[in-house]
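There are 2 protein chains.
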Amino acid sequence: MKIGIDLLGIDKKEEIYNFVNNFNDENVKLVVYGLDEDLLKIYDNTNVFKELCTEEVYMEDDAARVHRRKKDSSMIRMLEDLKNDKLDVTISGGSTGAYMASSLFVVGRIPGIAKPGLATMLPTITNHKFLFTDLGANVETKSEDLLNYSKLGRIYIENMFNVANPKTVLLNIGHEDTKGNKLYKETFKLLKENIVGFEGNLEARNILNHTSDVVIADGFTGNMVLKTIEGTALTFGKLIKELFLKNILSKISALLVKNGIKSFKRKFDYSEYGGAVLIGLKKPVIKIHGSANEKAVYYAVEQAKQIYNNKVYEKMNELSEGE
Amino acid sequence: MKIGIDLLGIDKKEEIYNFVNNFNDENVKLVVYGLDEDLLKIYDNTNVFKELCTEEVYMEDDAARVHRRKKDSSMIRMLEDLKNDKLDVTISGGSTGAYMASSLFVVGRIPGIAKPGLATMLPTITNHKFLFTDLGANVETKSEDLLNYSKLGRIYIENMFNVANPKTVLLNIGHEDTKGNKLYKETFKLLKENIVGFEGNLEARNILNHTSDVVIADGFTGNMVLKTIEGTALTFGKLIKELFLKNILSKISALLVKNGIKSFKRKFDYSEYGGAVLIGLKKPVIKIHGSANEKAVYYAVEQAKQIYNNKVYEKMNELSEGE
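In order, the protein sequences belong to chains B and D.
Under the working numbering, the letters of the first sequence match residues 1 to 323, in that order.
Under the working numbering, the letters of the second sequence match residues 1 to 323, in that order.
Some clues are possibly wrong.
Claimed, not checked - The list that follows gives simulated cross-link-like pairs (lysine to any residue, SDA-like), each with its CA atoms no further than 20 Å apart:
1. D:Lys251 with B:Leu245
2. B:Lys241 with D:Glu242
3. D:Lys29 with D:Glu302
4. D:Lys238 with B:Leu234
5. D:Lys251 with B:Ile252
6. D:Lys267 with B:Gly237
7. D:Lys258 with B:Leu245
8. B:Lys241 with D:Gly260
9. D:Lys315 with D:Thr120
10. D:Lys151 with D:Glu193
11. D:Lys246 with B:Ala254
12. B:Lys267 with B:His128
13. B:Lys129 with B:Ile252
14. B:Lys241 with D:Ile125
15. B:Lys265 with D:Ile261
16. B:Lys251 with D:Asn127
17. D:Lys182 with B:Ala64
18. D:Lys182 with B:Ala114
19. D:Lys262 with B:Ala254
20. B:Lys246 with D:Ile240
21. D:Lys182 with B:Glu140
22. B:Lys282 with B:Asp85
23. D:Lys241 with B:Pro123
24. D:Lys267 with B:Ser250
25. D:Lys179 with B:Glu140
26. B:Lys238 with D:Leu234
27. B:Lys265 with B:Gly237
28. D:Lys238 with D:Glu302
29. D:Lys305 with D:Asn27
30. D:Lys41 with D:Asn27
31. D:Lys246 with B:Leu255
32. B:Lys241 with D:Thr124
33. B:Lys142 with B:Ser320
34. B:Lys251 with D:Gly260
35. B:Lys238 with D:Ala233
36. B:Lys267 with D:Lys238
37. B:Lys265 with D:Ile155
38. D:Lys115 with D:Glu140
39. B:Lys182 with D:Ser143
40. D:Lys192 with D:Lys241
By construction, these hints were calculated from the structure, which means they are not laboratory data.
This structure is a prediction, so every number in the text was calculated from the model and none was measured.
Go ahead and model the full structure; you've got the sequences and the hints to work with.
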């Protein structure tokens, strides 16, 4: 299989260079896209192919126009190669908006899916993980979109993690069946009628404390909730750090719970969860965080292999056959 | 002044009984509403008046019909007395939905405010506090509603905390001016044109790390975000507790940072922040949490006194004069 990697877009390019230079999996070929200066940093390797690009996509670029205005950028060249079957999966840490819009234009949607959604795995307080979608690909959402994300999310979970009957819930302002605004009330009915394993509403208070496999929200709310989790976690992390660094006694205290803190950090270390995927696209594109480190790139590549080997997107594409 | 207190609705009634029985502020008269069994627990006190009721509002009651179906409940009797100028402020820990709907029907809105919003003070990582609204009173929101919450929120902050020029922001999926869905883009323009001190969008990631005074969101999103903060904070609190209780060394560690943990807990102790208020109503009703303790009731009463003494609702009512 061939995985495309965008060398541009992430904050610390060395992390991605190091990953590529340390890469050795004979079953996988990496195709790396970058400027001249990036490709100079990549060692020669029979499993790594270099594609020289002359343009870079920036955060400020108009996301909807990048695919026409920056045709020789690493992001667009890579997506064109995905479209033309030269790649099986792509990975980028560049502008989320540009990557989403461009992959929609270049790679295209599964017929019948009006708008793709962005999905990621998240941890709960136990060792349970779940798929959360939409994270903000679609901020003007219809109930049919949310029904589609539920179907696509189920396929992802079933095939990536071999979960026989994924439990699906709708994130909402309360767990009672009648909760929510018009969109959520409509969606509740649609999911109840169409999704096997739909278990009703999940109150946002339990977002990190539940046993469901797929959690559905509209893109605007999903993005707000994801960012609120991140913000609250960061705030608490900062306060705990301050607590331990306060004085000699607190520093000794930190040493005593060192292992506990490590396992705590690992539990909420997003880099082990792979990147976010656009569901509803014909082919798999993975978005990693701009602050991704070597480990995060490693897990995104593992995710890409699993998506390919388990034919996850082939199964998603079968959804259109019923149309 | 006279403050109405609903003895029903909170989980631990002893907390509210104790507060009333320990109450001594000669400038304030408390009027307590409850069933016979509740009033028996309240000591005679020249500053405490007892109102005997025969009905109780339950969580399961149809919120929109409580004011007609349970006219002799503590909640409705208290709201009727507020309407008829027998009270200045009311406090209840009962069903939020029933309390909001009933106060809307019984007390009424300020002319020109289509739908009241629910607002509460929240802490940030520094010692800064801010007003967050709407927390879910209005889940089908128009941009005009959000403009009204901004106006009302400013009046609240100015008059409660003597802040000369409150900084107002719109909670959004990014800080850039063009972010958001249709509702948020429209609201951004309205706030920019009409709200002095509007400082643009606040990304949800910074919800606990900013210096703004009023943070505006639609009720559906605001409720989701508030519950996500609570859920994430609870999850982290639980994990930290587990970390310290793990073994002898970690327990010693906990002792060494005992004071730090206390100040950490105090920072995020909602009970010191008073209750939530409905803004857009003609008269002030305060909602306390169902799990409120004696301290939380104390702070809600302090809040009620401040609202009354600073004529906060009189100033909110002046908004309608421009109509």
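Taking the hints in turn, this is what the structure says about them:
no., hint, verdict
1, D:Lys251 with B:Leu245, "holds (18 Å)"
2, B:Lys241 with D:Glu242, "holds (17 Å)"
3, D:Lys29 with D:Glu302, "holds (13 Å)"
4, D:Lys238 with B:Leu234, "holds (16 Å)"
5, D:Lys251 with B:Ile252, "holds (12 Å)"
6, D:Lys267 with B:Gly237, "holds (14 Å)"
7, D:Lys258 with B:Leu245, "holds (13 Å)"
8, B:Lys241 with D:Gly260, "holds (11 Å)"
9, D:Lys315 with D:Thr120, "holds (18 Å)"
10, D:Lys151 with D:Glu193, "holds (12 Å)"
11, D:Lys246 with B:Ala254, "holds (14 Å)"
12, B:Lys267 with B:His128, "holds (10 Å)"
13, B:Lys129 with B:Ile252, "violated (33 Å)"
14, B:Lys241 with D:Ile125, "holds (13 Å)"
15, B:Lys265 with D:Ile261, "holds (19 Å)"
16, B:Lys251 with D:Asn127, "violated (24 Å)"
17, D:Lys182 with B:Ala64, "holds (17 Å)"
18, D:Lys182 with B:Ala114, "holds (18 Å)"
19, D:Lys262 with B:Ala254, "holds (16 Å)"
20, B:Lys246 with D:Ile240, "holds (17 Å)"
21, D:Lys182 with B:Glu140, "holds (7 Å)"
22, B:Lys282 with B:Asp85, "holds (12 Å)"
23, D:Lys241 with B:Pro123, "holds (19 Å)"
24, D:Lys267 with B:Ser250, "holds (19 Å)"
25, D:Lys179 with B:Glu140, "holds (12 Å)"
26, B:Lys238 with D:Leu234, "holds (16 Å)"
27, B:Lys265 with B:Gly237, "holds (9 Å)"
28, D:Lys238 with D:Glu302, "violated (31 Å)"
29, D:Lys305 with D:Asn27, "holds (10 Å)"
30, D:Lys41 with D:Asn27, "violated (23 Å)"
31, D:Lys246 with B:Leu255, "holds (14 Å)"
32, B:Lys241 with D:Thr124, "holds (16 Å)"
33, B:Lys142 with B:Ser320, "holds (18 Å)"
34, B:Lys251 with D:Gly260, "holds (12 Å)"
35, B:Lys238 with D:Ala233, "holds (13 Å)"
36, B:Lys267 with D:Lys238, "holds (13 Å)"
37, B:Lys265 with D:Ile155, "violated (42 Å)"
38, D:Lys115 with D:Glu140, "holds (10 Å)"
39, B:Lys182 with D:Ser143, "holds (17 Å)"
40, D:Lys192 with D:Lys241, "violated (44 Å)"
The structure is inconsistent with the numbered hints 13, 16, 28, 30, 37 and 40, although it conforms to all the rest.
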